[in-house]
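J.: Each chain, letter by letter, is given below.
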Amino acid sequence: MNEAVPERPLIDAVAPMSSLRSEYENGSPIFLKQIDWLVKHGFDHVRRTRGDGDCFYRSLAFAYVEGLINSRERDFAVGSSLSILESTKETLDKAGIEKMVYEDFYEDFETLIQSIIKPGKDGRTLNTQQLLLAFQQPEVSNSIVIYLRFLTSAQIRLNRDSYEGFLVHPDTKDPMDVDSFCANVVQAMGKEADNVEIEALCRALQLNVDLAYLNGVRGDAVDFIKFRHDLNPNATPVVLLYRPGHYDILVQKPR
Amino acid sequence: MASISARRLAKELREIQSEGCPVGITLLEANDFSRWLFTIEVMGESLYQGEVYDLQFRFDAQYPISSPAVQFVVTGGKQSPIHPHVYSNGHICASILGNEWSPVLSVIAVCVTLQSMLASCKVRPTDNDRYVRNAPENPKKTLFHYDDDT
Numbered sequence: 001m002n003e004a005v006p007e008r009p010l011i012d013a014v015a016p017m018s019s020l021r022s023e024y025e026n027g028s029p030i031f032l033k034q035i036d037w038l039v040k041h042g043f044d045h046v047r048r049t050r051g052d053g054d055c056f057y058r059s060l061a062f063a064y065v066e067g068l069i070n071s072r073e074r075d076f077a078v079g080s081s082l083s084i085l086e087s088t089k090e091t092l093d094k095a096g097i098e099k100m101v102y103e104d105f106y107e108d109f110e111t112l113i114q115s116i117i118k119p120g121k122d123g124r125t126l127n128t129q130q131l132l133l134a135f136q137q138p139e140v141s142n143s144i145v146i147y148l149r150f151l152t153s154a155q156i157r158l159n160r161d162s163y164e165g166f167l168v169h170p171d172t173k174d175p176m177d178v179d180s181f182c183a184n185v186v187q188a189m190g191k192e193a194d195n196v197e198i199e200a201l202c203r204a205l206q207l208n209v210d211l212a213y214l215n216g217v218r219g220d221a222v223d224f225i226k227f228r229h230d231l232n233p234n235a236t237p238v239v240l241l242y243r244p245g246h247y248d249i250l251v252q253k254p255r
Numbered sequence: 001m002a003s004i005s006a007r008r009l010a011k012e013l014r015e016i017q018s019e020g021c022p023v024g025i026t027l028l029e030a031n032d033f034s035r036w037l038f039t040i041e042v043m044g045e046s047l048y049q050g051e052v053y054d055l056q057f058r059f060d061a062q063y064p065i066s067s068p069a070v071q072f073v074v075t076g077g078k079q080s081p082i083h084p085h086v087y088s089n090g091h092i093c094a095s096i097l098g099n100e101w102s103p104v105l106s107v108i109a110v111c112v113t114l115q116s117m118l119a120s121c122k123v124r125p126t127d128n129d130r131y132v133r134n135a136p137e138n139p140k141k142t143l144f145h146y147d148d149d150t
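Chains A and B supply the protein sequences, listed in that same order. Counting from 1, one number per residue, gives the positions in the first sequence under full-length UniProt numbering. Counting from 1, one number per residue, gives the positions in the second sequence under full-length UniProt numbering.
No lab work stands behind these hints, which were simulated from the structure alone. All values derive from a computational prediction rather than experimental measurement. Hints may contain errors.
Pairwise CB distance ranges, derived in the manner of DEER restraints [what the hints assert, rightly or not]:
1. A:E139 - B:T26: 29 to 39 Å
2. A:P119 - B:A109: 33 to 43 Å
3. B:E15 - A:D174: 30 to 40 Å
Just so you have them, the derived chain B footprint on chain A, three or more residues with Cβ under 8 Å [what the hints assert, rightly or not]:
4. 93-101
5. 132-143
6. 182-189
Idealized CB from N, CA, C, for every residue including glycine.
Chain A extracted, bound-state conformation (with noise of 0.2 Å):
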């Protein structure tokens, strides 16, 4: 790695679409058909994540955390949050991943999601700018990483039937069986996740998750996959930007 280059922050402040946009200005002109298709649908904003193969699980985790402070119902949504966040366990421990081996990534993020009603030794729950430099910082931000990721190698274990056939390694595109994707794609750090652990991780957290594909594919729109696992099919979704390779956080303009 060159490292004159400063590297970007594992997330990143709000940025206006204009700064991703700028990047393709010399390139494809129907990645900036689809950035300002973004635009005029309101998501003219990005909060952008270091593209070290964590992407998808980092961003996921700040968006969610920060769809639960922004809640109308905090209180309600920081509830609910941390009862299913308590079931994952279970799931982890059917799945025969080790209490040792979880549980202080478990609770570093538990931690994180109570400070969100419980005020701190400051007297001061947690806000979006506190939420940011704590994700920064590697250590809580990738306990986070990981214990999403042992959740999702759980979820996919535990239903395999469902997943089998959909599970190829993520560069050479062979087919792999549920046990060794788990171990060497899902498991290890630095894995980039495809649809498949986003279905089963969304699954796991009951979560609405809206992926925007911004591919270059089609210069007069932008493709949403939709994957709806909370109970409340309406509930506001989490929403991510997928570029190949790679996940950001998309933000919408406040209504």
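Position chain B against the provided structure of chain A, taking the given hints into account.
T.: Okay, now just chain B, sitting in the frame of chain A:
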């Protein structure tokens, strides 16, 4: 708050102390959270019968997010096992210590995996002399090419 590695290693150590190591593995030394030493022996009939090796783990503050640096001890009269994935300087070419490391693994899980690895033919890697001449001190700094899983 204690570093993530100290939190985790304290738990791993407690479990080793309360439940013991698997057969053929003993904890020699764990005085801190930066370096642990084990002996490892292949049980039952094998080419390595009766041979005991010392295995060293070094941890950075990011363990278990980052993998431990694991190698056989080759000082003080000790030698590394003769194996196609083990170099004479003690370095080990195993994907679980490199790009397939996962925090789901523990120190004992690594010991057990390496113990079961020591069951194939007794030869040095084909590039042993060249590798050992140029190898960095820390095996994690080597970008191994994992060509098979024997």
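J.: Mind listing which of the numbered hints don't hold for this structure, in increasing order?
T.: none
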